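Colleague: Could you put together the complete structure from these sequences and hints?
Listed below are the residues making up each chain.
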Amino acid sequence: MKPVDTVAGTMVSLPQADIDTDQIIPQKHLKRIERTGYGEFLFDYWANDQPDFTLNDPARAKAKALITGPNFGCGSSREHAVWAIRDRGFEVVVGPSFADIFSGNAVNNGLLLVQLPEAAVNELHDIAIDPDATVHVSLEDQEVRAGDRVWKFEIDPEVKRRLLAGLDMVGVTLEYEDAISAYERQ
Amino acid sequence: MTKTLFDKVWDSHVVVEAERTLLYVDLHLVHEVTSPQAFAGLQEAGRTVRRPDLTFATVDHAVPTEGRSLGIRDPLSKKQVDTLRQNCANHGVELFDIDDPRQGIVHVVGPELGLTQPGSVIVCGDSHTSTHGAFGALAFGIGTSEVEHVLATQTLWQARPKTMALEVEGHLPTGVSAKDLILGIIATHGVGMGRGHVIEYRGKAVESLSMEERMTVANMSIEAGARAGMIAPDQTTISYLEGKPRSPAGTDWDEAVARWSELATDPGAEFDSVKSVDASSLEPHVTWGINPGQATSINGEVPSPDSFDDPVQRETASRALEYMGLAAGTAISDIPIDHVFIGSCTNSRLEDLRKAARLLNGHSVKSGVSAVVVPGSMQVKAAAEAEGLDKTFKAAGFAWRDAGCSSCLAMNPDVIPAGERCASTSNRNYEGRQGKGARTHLVSPEMAVAAAVEGHFVDVRNWE
Chain P
1 MKPVDTVAGT MVSLPQADID TDQIIPQKHL KRIERTGYGE FLFDYWANDQ
51 PDFTLNDPAR AKAKALITGP NFGCGSSREH AVWAIRDRGF EVVVGPSFAD
101 IFSGNAVNNG LLLVQLPEAA VNELHDIAID PDATVHVSLE DQEVRAGDRV
151 WKFEIDPEVK RRLLAGLDMV GVTLEYEDAI SAYERQ
Chain B
1 MTKTLFDKVW DSHVVVEAER TLLYVDLHLV HEVTSPQAFA GLQEAGRTVR
51 RPDLTFATVD HAVPTEGRSL GIRDPLSKKQ VDTLRQNCAN HGVELFDIDD
101 PRQGIVHVVG PELGLTQPGS VIVCGDSHTS THGAFGALAF GIGTSEVEHV
151 LATQTLWQAR PKTMALEVEG HLPTGVSAKD LILGIIATHG VGMGRGHVIE
201 YRGKAVESLS MEERMTVANM SIEAGARAGM IAPDQTTISY LEGKPRSPAG
251 TDWDEAVARW SELATDPGAE FDSVKSVDAS SLEPHVTWGI NPGQATSING
301 EVPSPDSFDD PVQRETASRA LEYMGLAAGT AISDIPIDHV FIGSCTNSRL
351 EDLRKAARLL NGHSVKSGVS AVVVPGSMQV KAAAEAEGLD KTFKAAGFAW
401 RDAGCSSCLA MNPDVIPAGE RCASTSNRNY EGRQGKGART HLVSPEMAVA
451 AAVEGHFVDV RNWE
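Protein sequence lines, in the order shown, are assigned to chains P and B.
Take the first sequence: its position 27, counted from the start at 1, is 27 in the working numbering, and no numbers get skipped.
Take the second sequence: its position 396, counted from the start at 1, is 396 in the working numbering, and no numbers get skipped.
Since the hints were made in silico from the structure, they are not lab data.
Any given hint could turn out to be false.
Straight line, CA to CA, 25 angstroms or less: simulated DSS-like cross-link-like pairs of lysine-lysine [stated by the list, open to error]:
hint, chain 1, residue 1, chain 2, residue 2
1, B, Lys79, P, Lys28
2, B, Lys355, B, Lys366
3, P, Lys31, B, Lys436
4, B, Lys244, P, Lys31
5, P, Lys2, P, Lys64
6, P, Lys31, P, Lys160
7, P, Lys160, B, Lys162
8, P, Lys2, P, Lys160
9, B, Lys3, B, Lys204
10, B, Lys436, P, Lys28
11, B, Lys8, B, Lys162
12, B, Lys355, B, Lys244
13, P, Lys31, B, Lys78
14, B, Lys394, B, Lys366
15, B, Lys436, B, Lys79
16, B, Lys436, B, Lys394
17, B, Lys78, B, Lys436
18, B, Lys366, B, Lys8
19, P, Lys28, B, Lys78
20, B, Lys204, B, Lys8
Chain P stretches covered by chain B per the calculated footprint, using a threshold of three residues with CB under 8 angstroms from any CB of chain B [what the hints assert, rightly or not]:
hint, segment
21, 37 to 43
22, 70 to 77
23, 88 to 101
24, 104 to 110
25, 124 to 133
26, 154 to 161
27, 175 to 184
Note that the structure is a prediction, hence the values are computed from the model and not measured.
We treat Cβ as the ideally placed atom computed from N, Cα and C, and that holds for glycine.
Modeller: This is how it looks when you write it as structure tokens:
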């Protein structure tokens, strides 16, 4: 897995609360057996139904940061949601809170989730109205910069370590073979 | 030291304690949609399935529920199912395939075979794995990378979640179901209430639920945002599991029962948080919006977005009304429906079908309404047919199908058309969940049957 450190780029703002993974990647795109190729179907139903949907804006095509509302990624465990976000070029999602399974899937795919207080996220939504406005996120420094604003963020040290190192967790766990075998014998 | 049910299960599965806990997995359930990439990753790295004997697979998400002799017509779904068959054959994993009498929804199959057992850690690449928590197991959904990790190591790195006691006070009134209880809990406390937590459902009302009702409640823990939901095992649990094909037998059974009897939360054990709901004040629920928390009583009305103080909730309600094509102030009982779906891992077990059939007996589905029953497993289907329930459903105008997830997520041909309205016993009313543009109202099986007959929602408590 590719290590994650800094992300710098433009933003897409999706401020709604409780965006579920069915919206992020609708069911009809879960039929493939590959891990890649989901980017074009990101928010497929919304993108199809709403011509002015923000992801349809060519000026946002190269955005790297998704700014969201609370409880982002709730619902289905489908990892395809994270694959679609990564495939589309997003490297970081910033929001007030994230659903549990989605958070686990993100770290396993090198997608950085940054949790900031709602007021800070709201400021980012405002800044992101300008399609050229950029955000700079440093995982090492645990810092988000946009416009003339700087926010520090908290992150689980283990998540940080794994993202910075780009760890293959299966490989790490297999180092504990003796402990697993011992557990099985007890 | 006093411990909660969760603490006991967690503590007995610790393999390594480091920055995270390496937790041992007793049962890994697999299905066709979230596993192909995991098996592929395993193979690319030259790894094998560590414990095929603890891994079981079925096909449920994308399989057709009629015309199975014709095979799977969708080429992508067929490839997914074929891939699972190949992976199971390559790695020695037992598969309950489409023609197996044990095939069905993974969360129906596990319990009815006795694979699901109290005190165990159970995972599956599906968020409704929380269902198995009804037995006092720690059961949670995982992503595909984690599926690969479990296949290779039979373990998972986990941060210890927080615990929440959900105290259900009083008793459910007659005509108010387990589905109404969990919808009522989520409507009261919100879809994010359980984030980062494992919920233990407690109280006399929970103890008096049948095993199948407990599964309905635990199933929707994920809709409350929780990592998992648990209910302490008791005599109801033990009676359910006794004699199941994969339950322990002989002296192993006696030992298992003794072990399971120690699992309940110790008196005085502390939870990180406590929430409550008064069961005796609950009424049959219907969702009006686009998340399971947007629900109200059958005697209520579609709320006005302005009635929400929180601006985020107001915005969500406004979007919901637009998507659902509903006007604020509409009585829930005035909402007409086009489809009825009885099925899903929430409400497709024998008891659900019995309750629905009992209410339906002698009535007919309203002209213009399309109504379908999709039993949760082929075993449920066979048991229902042995009791003649299929005859009741078919005589009333319901279609009677083979087992699978079906219209709950519409990955198979059972798609609800855009703009049409479905009374559904499933668990998610998200936009597009039952098909692009489809409008879902979540209800209990009893409420679904009454709606099928009347063509709109009615209060089952005074309907016949």
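Colleague: Now, for every hint given, state plainly whether the structure supports it.
Modeller: Each hint, compared with the structure:
Among the hinted pairs, Lys79(B) with Lys28(P) is consistent with the structure: their alpha-carbon atoms are about 14 angstroms apart, no more than 25 angstroms. Of the pairs offered as hints, the one joining Lys355(B) and Lys366(B) holds, with about 19 angstroms between alpha carbons and a cut-off of 25 angstroms not exceeded. For the hint pairing Lys31(P) with Lys436(B), the CA-to-CA distance comes to about 16 angstroms; that is within 25 angstroms, so the pair holds. For the suggested pair Lys244(B) and Lys31(P), the alpha carbons sit about 33 angstroms apart, so the restraint of at most 25 angstroms is broken.
Between Lys2(P) and Lys64(P), the direct Cα distance comes to roughly 16 angstroms. Compliance with the 25 angstroms bound is thereby established for this hinted pair. As the CA atoms of Lys31(P) and Lys160(P) are separated by approximately 32 angstroms, the hinted pair breaks the 25 angstroms bound. Simply put, Lys160(P) and Lys162(B) have alpha-carbon atoms about 21 angstroms apart, close enough for the 25 angstroms limit, and the pair holds. Between Lys2(P) and Lys160(P), the direct Cα distance comes to roughly 13 angstroms. Compliance with the 25 angstroms bound is thereby established for this hinted pair.
Note on Lys3(B) and Lys204(B): the hinted pairing holds, with a Cα-Cα distance of about 20 angstroms set against a maximum of 25 angstroms. A threshold of 25 angstroms between alpha carbons decides the hint, and for Lys436(B) with Lys28(P) the separation of about 9 angstroms falls inside it, so the pair holds. A hinted pair counts as satisfied when its Cα atoms are at most 25 angstroms apart, and Lys8(B) with Lys162(B) qualifies at roughly 14 angstroms. In summary, the hint linking Lys355(B) to Lys244(B) is supported, as the alpha carbons are separated by about 23 angstroms, within the 25 angstroms threshold.
Our distance criterion of 25 angstroms between C-alpha atoms is met by Lys31(P) and Lys78(B), whose separation comes to about 9 angstroms. For the given pair, Lys394(B) sits about 13 angstroms from Lys366(B) by alpha-carbon distance, which is consistent with the 25 angstroms threshold. As the CA atoms of Lys436(B) and Lys79(B) are separated by approximately 23 angstroms, the hinted pair is consistent with the 25 angstroms bound. Proposed proximity of Lys436(B) and Lys394(B) is contradicted: the alpha carbons are some 28 angstroms apart, above 25 angstroms.
Distance restraint check for Lys78(B) and Lys436(B): the Cα-Cα separation of roughly 22 angstroms lies within the 25 angstroms cut-off, and the hinted pair is therefore satisfied. Under the criterion of a C-alpha separation no larger than 25 angstroms, the hint pairing Lys366(B) with Lys8(B) is inconsistent with the structure, at around 51 angstroms. Among the hinted pairs, Lys28(P) with Lys78(B) is consistent with the structure: their alpha-carbon atoms are about 14 angstroms apart, no more than 25 angstroms. Distance restraint check for Lys204(B) and Lys8(B): the Cα-Cα separation of roughly 22 angstroms lies within the 25 angstroms cut-off, and the hinted pair is therefore satisfied.
Only residues whose C-beta sits within less than 8 angstroms of a C-beta in chain B count toward coverage, and the segment 37 to 43 of chain P has 0 of them, not enough to reach three; the restraint is violated. Only residues whose beta carbon comes within less than 8 angstroms of a beta carbon in chain B count, and the segment 70 to 77 of chain P has 6; three or more means the coverage holds. For the segment 88 to 101 of chain P, the stated coverage by chain B holds: 4 residues have a C-beta nearer than 8 angstroms to a C-beta of that chain, and at least 3 were required. Given a C-beta distance limit of less than 8 angstroms, the hint that chain B covers the segment 104 to 110 of chain P holds, as 4 residues qualify and 3 suffice.
Proximity of the segment 124 to 133 of chain P to chain B, defined as three or more residues with a beta carbon under 8 angstroms from a beta carbon of that chain, is not established by the 0 residues found. Counting residues of the segment 154 to 161 of chain P whose beta carbon lies closer than 8 angstroms to any beta carbon of chain B gives 4, which reaches the threshold of three, so the coverage claim holds. Chain B is given as covering the segment 175 to 184 of chain P, and this holds because 5 residues of the stretch bring a CB closer than 8 angstroms to a CB of that chain, at least three being needed.
Of the numbered hints listed earlier, those contradicted by the structure are 4, 6, 16, 18, 21 and 25.
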